[in-house]
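Top to bottom, those sequences are chains V and U.
Take the first sequence: its position 147, counting from 1, is numbered 170 in our numbering, and each next residue is one higher.
Take the second sequence: its position 45, counting from 1, is numbered 66 in our numbering, and each next residue is one higher.
No lab work stands behind these hints, which were simulated from the structure alone.
Just a sample of chain V residues kept apart from chain U, beta carbon distances all over 12 Å, derived: (1) I41; (2) G118; (3) K165; (4) V195; (5) L216; (6) T258; (7) K291; (8) G338; (9) K339; (10) K373; (11) A422; (12) D457.
Some but not every residue of chain V turned toward chain U, in silico, with C-beta under 7 Å: (13) G68; (14) R70; (15) V79; (16) H80; (17) K107; (18) P147; (19) M148; (20) G363; (21) D387.
All residues carry an ideal CB built from backbone N, CA and C; glycine is no exception.
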Amino acid sequence: MAEPARKDVAEKSIPVDIGLDEGAARLTPEKIEKVINTVLAGETGARLKVYVDTCVHCGLCSEACHYYLSHDKEPRWSPVGKVKQTMWEMLKNKGKVSPDFIKKASEIASTECNLCRRCAQFCPMGIDIAYIMTMVRRICHKLGVTPQYIQDTAHSHSATMNQMWVKEDEWVDALLWQEEEAREEIPTLRIPLEKEGADFMYSIIGPEPKFRAQLIYQAAVIFNVAGLNWTMPATTGWDNSDMAMFTGDFEIMGRIKRDHFEAAKRLKVKKIVMGECGHAYRSIYDVGNRWLGWKMPPIPVIHSAQFFAELLKEGKIKVAKKFNEPVTIQDPCNIVRGMGLQEDIRYVVKAFCKEIVEMQPNRDHNYCCCAGGGVINCGPPWKMKRMEGNRVKAEQLQATGVNTVISPCHNCHGGIEDIIKHYKLNMHLKFLGDIIYANMEKPAAA
Amino acid sequence: MHGLYNFVRGPLAWAAFIIFIGGSLYRIISMLRLAKEKDIIVFEYASLYYALRSIIHWLVPFANINSRQRPVFTIVTFVFHICLLAVPIFLLAHVILWDESFNVSWWSLPEGVADLMTLLVLACCVYFGWRRVTQPEAKFVTSASDFVILTFVALPFITGFLAYHQWLGYKFWLILHILSGEIWLAMIPFTRLVHMLFFPFSRGYMGSEFGAVRHVRDY
Numbered sequence: 024m025a026e027p028a029r030k031d032v033a034e035k036s037i038p039v040d041i042g043l044d045e046g047a048a049r050l051t052p053e054k055i056e057k058v059i060n061t062v063l064a065g066e067t068g069a070r071l072k073v074y075v076d077t078c079v080h081c082g083l084c085s086e087a088c089h090y091y092l093s094h095d096k097e098p099r100w101s102p103v104g105k106v107k108q109t110m111w112e113m114l115k116n117k118g119k120v121s122p123d124f125i126k127k128a129s130e131i132a133s134t135e136c137n138l139c140r141r142c143a144q145f146c147p148m149g150i151d152i153a154y155i156m157t158m159v160r161r162i163c164h165k166l167g168v169t170p171q172y173i174q175d176t177a178h179s180h181s182a183t184m185n186q187m188w189v190k191e192d193e194w195v196d197a198l199l200w201q202e203e204e205a206r207e208e209i210p211t212l213r214i215p216l217e218k219e220g221a222d223f224m225y226s227i228i229g230p231e232p233k234f235r236a237q238l239i240y241q242a243a244v245i246f247n248v249a250g251l252n253w254t255m256p257a258t259t260g261w262d263n264s265d266m267a268m269f270t271g272d273f274e275i276m277g278r279i280k281r282d283h284f285e286a287a288k289r290l291k292v293k294k295i296v297m298g299e300c301g302h303a304y305r306s307i308y309d310v311g312n313r314w315l316g317w318k319m320p321p322i323p324v325i326h327s328a329q330f331f332a333e334l335l336k337e338g339k340i341k342v343a344k345k346f347n348e349p350v351t352i353q354d355p356c357n358i359v360r361g362m363g364l365q366e367d368i369r370y371v372v373k374a375f376c377k378e379i380v381e382m383q384p385n386r387d388h389n390y391c392c393c394a395g396g397g398v399i400n401c402g403p404p405w406k407m408k409r410m411e412g413n414r415v416k417a418e419q420l421q422a423t424g425v426n427t428v429i430s431p432c433h434n435c436h437g438g439i440e441d442i443i444k445h446y447k448l449n450m451h452l453k454f455l456g457d458i459i460y461a462n463m464e465k466p467a468a469a
Numbered sequence: 022m023h024g025l026y027n028f029v030r031g032p033l034a035w036a037a038f039i040i041f042i043g044g045s046l047y048r049i050i051s052m053l054r055l056a057k058e059k060d061i062i063v064f065e066y067a068s069l070y071y072a073l074r075s076i077i078h079w080l081v082p083f084a085n086i087n088s089r090q091r092p093v094f095t096i097v098t099f100v101f102h103i104c105l106l107a108v109p110i111f112l113l114a115h116v117i118l119w120d121e122s123f124n125v126s127w128w129s130l131p132e133g134v135a136d137l138m139t140l141l142v143l144a145c146c147v148y149f150g151w152r153r154v155t156q157p158e159a160k161f162v163t164s165a166s167d168f169v170i171l172t173f174v175a176l177p178f179i180t181g182f183l184a185y186h187q188w189l190g191y192k193f194w195l196i197l198h199i200l201s202g203e204i205w206l207a208m209i210p211f212t213r214l215v216h217m218l219f220f221p222f223s224r225g226y227m228g229s230e231f232g233a234v235r236h237v238r239d240y
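Pulled out of the complex, with its shape left as it was, chain V reads as follows (with noise of 0.2 Å):
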């Protein structure tokens, strides 16, 4: 007779992440000591300390964070409950802490937060607790010791330059056969590669050529209808994607900020138009920029929400019909809480759609999807952390009673699939741009 499964094991399985194990087996407590006390003297300041001394422990930031709430308010999920696992004891004991300790602080940094900053709008004091986790991030990173799939992205950008491995003659391919396809909708449309003073270069992120490539139909039949003059390069610095920003590889994010900005300036363009992506768009223009030294970044950068409301409102793109169920929104941190982008969103999604059923909270005060912030990208084996650790927006979708959610961030789109799937919501999600390319006028097909 079999024995009987250990419920506790078959309930709880530990995860195994062979960047964290591996990664923290090559650790000595010197050279934890070290790169410690390195990161903190040379890389913070005074932000740092003052959020450290200005702490009053009052644990008002809690309510803010959706694993919190998910798991019932306990208190190791809040926002302040982490830093207390993490950076305060790093602090305390002046970086004198184990292996096991890095190994536990790294998997809080990278997969217990998103850095989505809903706690900077609870917190009374104005403490940034997304970039104390993100220095958490980048201590672990100089240690080694970051999980493993979210570990491999960075090093795709570091090798190729983009998230996916994606070989540059397979990015020309993608869009040619993109192109092909779409010509037998628009006979006449293009993708014009390496299309020098075009008005603006469109960038996406490596996910798409790889396994959503109907977006960049979507994307060009819009822009072709539009009439637009753009382009998109045959070269590197196509991928505005960013993981080094959320490994703490602040040195490899600068590398692909400044192809991707390169990649615009040769073009000659105005302006870069990027897809439907959130991180993406916090790497160009709150992160990656600084690093380089751009207060804000060297040519103007608009997110696909933003352009789209923008071509709507000059009549390039015009309504054809709409799409006929209520639908939700699901505000992408990093372009709401980030950009402020939620009316935008709404005057795209209220043209082309007959009703809106708003997600409470909603806007800036939504909660994150939990896939953001790289957390998805640490891959499988915290999956389940992620659906765990969000039953709120599960409970949040469902409240609305519609079927159709509508994001415009590939994270936000990764994260709330499994949860729907996970809490057995009969929904499903839709980018700006499906429901635009199929509700709008388009010549008759040939």
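For this one, chain V is given, so just place chain U on it according to the hints.
Structure of chain U alone, referenced to chain V:
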């Protein structure tokens, strides 16, 4: 006893004020210098308008999402901080002291009101202490130092209350009151009470980032 009184009332009071003012200046100046050296972006992105927008939304009760979600805590914390600052500054006995010592004078609270406000401060301290012991989100991040600080904040009010009512040992309570008040002042720059000094900076910086860069609310 009289010698001790003169000591706490004279040299020690000077010392407390010098430590408080000097320490506060030291903390703020050294923080700004460090920021200039290591966090230049704080100055680069600083926006007076958005800093004030943020500070105002956090200094007005129920003007931010957090205070709306926790009405009891919001009321307690506002009552606490208002009384905590108003009583020492506007207490009649303190105003008289300033008048006697430096010939400066200002409006003072009616004595009954000040007495009530003192009790409110103490009630709030009890609430904060209770919260740290019973509420998991606060308990988890509470350390011994939090109770020490809370005790030293409450002490001047306890002793002041006892001295004012002159029930027993007036002089004893008065000396203890002055002493604890001096300790409290001197603690501000060097403990987590420093949030009184740093609040406008951390709040203002976050307000600038959220408002001027990210075009969104931080409240």
